[in-house]
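Using this note's numbering, the letters of the sequence shown correspond one by one to residues 11 to 69.
Any given hint could be a false lead.
Straight-line C-alpha distance at most 25 Å; calculated SDA-like pairs for lysine to any residue [to be verified]:
id, residue 1, residue 2
1, 19, 64
2, 33, 63
3, 54, 66
4, 33, 45
5, 33, 66
6, 33, 64
7, 16, 36
Simulated from the structure, these hints should not be mistaken for laboratory data.
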Amino acid sequence: TPRGRKTYKKRAASIEPVFAQIKHNRRIRSLFRRGLAAADSEWKLICATHNLLKTYRTA
Numbered sequence: 011t012p013r014g015r016k017t018y019k020k021r022a023a024s025i026e027p028v029f030a031q032i033k034h035n036r037r038i039r040s041l042f043r044r045g046l047a048a049a050d051s052e053w054k055l056i057c058a059t060h061n062l063l064k065t066y067r068t069a
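The whole structure should be built from the sequences, with the hints applied where relevant.
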C-alpha cells in the first residue's frame, strides 16, 4: 500500500542505520543469552551502550 511504503521509507532513514552501526562498528552479529527475557535484556544493554557512546563522542 502507499501508506506502508511511506512508513517503510521513514524506517529506512531512522532505524536501519542504528542496526548497521551496532553490527559493523560494535561487531555484534548475534545475541549470546538464551531465552526471550535474557535476549531482551542483552539487547537493551547493547542499545544503552550504543547511546552512551554516541553521547560521549558528541559531548
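Verification of the hints:
At most 25 Å may separate the alpha-carbon atoms for a hinted pair to count; residue 19 and residue 64 meet this at roughly 24 Å. Annotation: proposed proximity of residue 33 to residue 63 holds, straight-line Cα distance about 15 Å (limit 25 Å). Taking the CA atoms of residue 54 and residue 66, the gap is about 18 Å. The hint holds against a cut of 25 Å. The hinted pair formed by residue 33 and residue 45 meets the criterion: a straight-line CA distance of about 21 Å does not exceed 25 Å.
Proximity of residue 33 to residue 66 is assessed by CA-CA distance (about 19 Å); at most 25 Å being required, the pair is judged to hold. For the hint linking residue 33 to residue 64, the alpha-carbon distance of about 15 Å falls within 25 Å, and the restraint holds. For the hint pairing residue 16 with residue 36, the CA-to-CA distance comes to about 30 Å; that exceeds 25 Å, so the pair is violated.
In the structure shown, a violation is registered for the earlier hint numbered 7 alone.
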